[in-house]
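Trainee: Sequence:
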Amino acid sequence: MWFKLLILVIAGVALYRFFGGKVPFLDKDFLDKGKKVKEEESDFGKIEATSACSVCGTYVTEEDALIYKKRTYCSTECLEKAK
Numbered sequence: 012m013w014f015k016l017l018i019l020v021i022a023g024v025a026l027y028r029f030f031g032g033k034v035p036f037l038d039k040d041f042l043d044k045g046k047k048v049k050e051e052e053s054d055f056g057k058i059e060a061t062s063a064c065s066v067c068g069t070y071v072t073e074e075d076a077l078i079y080k081k082r083t084y085c086s087t088e089c090l091e092k093a094k
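When we follow this note's numbering, the leftmost residue of the sequence shown carries the number 12, and every step to the right adds one.
Derived from the structure by calculation, the hints contain no laboratory data.
Any given hint could be a false lead.
[Claimed, not checked] Computed Cβ-Cβ distance ranges for the label pairs, DEER-style: (1) Thr69 - Val24: 29 to 35 Å; (2) Gly23 - Lys81: 28 to 34 Å; (3) Tyr70 - Lys15: 43 to 49 Å; (4) Glu91 - Lys15: 32 to 38 Å; (5) Leu77 - Met12: 48 to 54 Å.
[Unchecked claim] Lysine-lysine pairs mimicking DSS-like chemistry, simulated, CA-CA at most 25 Å apart: (6) Lys81 - Lys92; (7) Lys81 - Lys94; (8) Lys94 - Lys80; (9) Lys92 - Lys80.
C-beta: ideal position from N, C-alpha, C; glycine also.
Hey, can you work out the whole structure from these sequences and the hints?
Mentor: So this is what it looks like as structure tokens:
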């Protein structure tokens, strides 16, 4: 009985992922949505570290970003949308 249920659950998750579904605790992209870009030196000077907004995906410098509950936002509008 339990073995059949386990096989059914595994098949369901496999089909869900196959058709483009995302499972938050299994997807690294979901967890790294606000991942940082490395600081680099270029011919024009130092490039500042940026983070992607958790709502719209716009990259903002860490200096200008709003951080709320470990998520990065580009503006108060995006922050309000996320609440």
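Trainee: Which earlier hints can't be squared with this structure?
Mentor: 4
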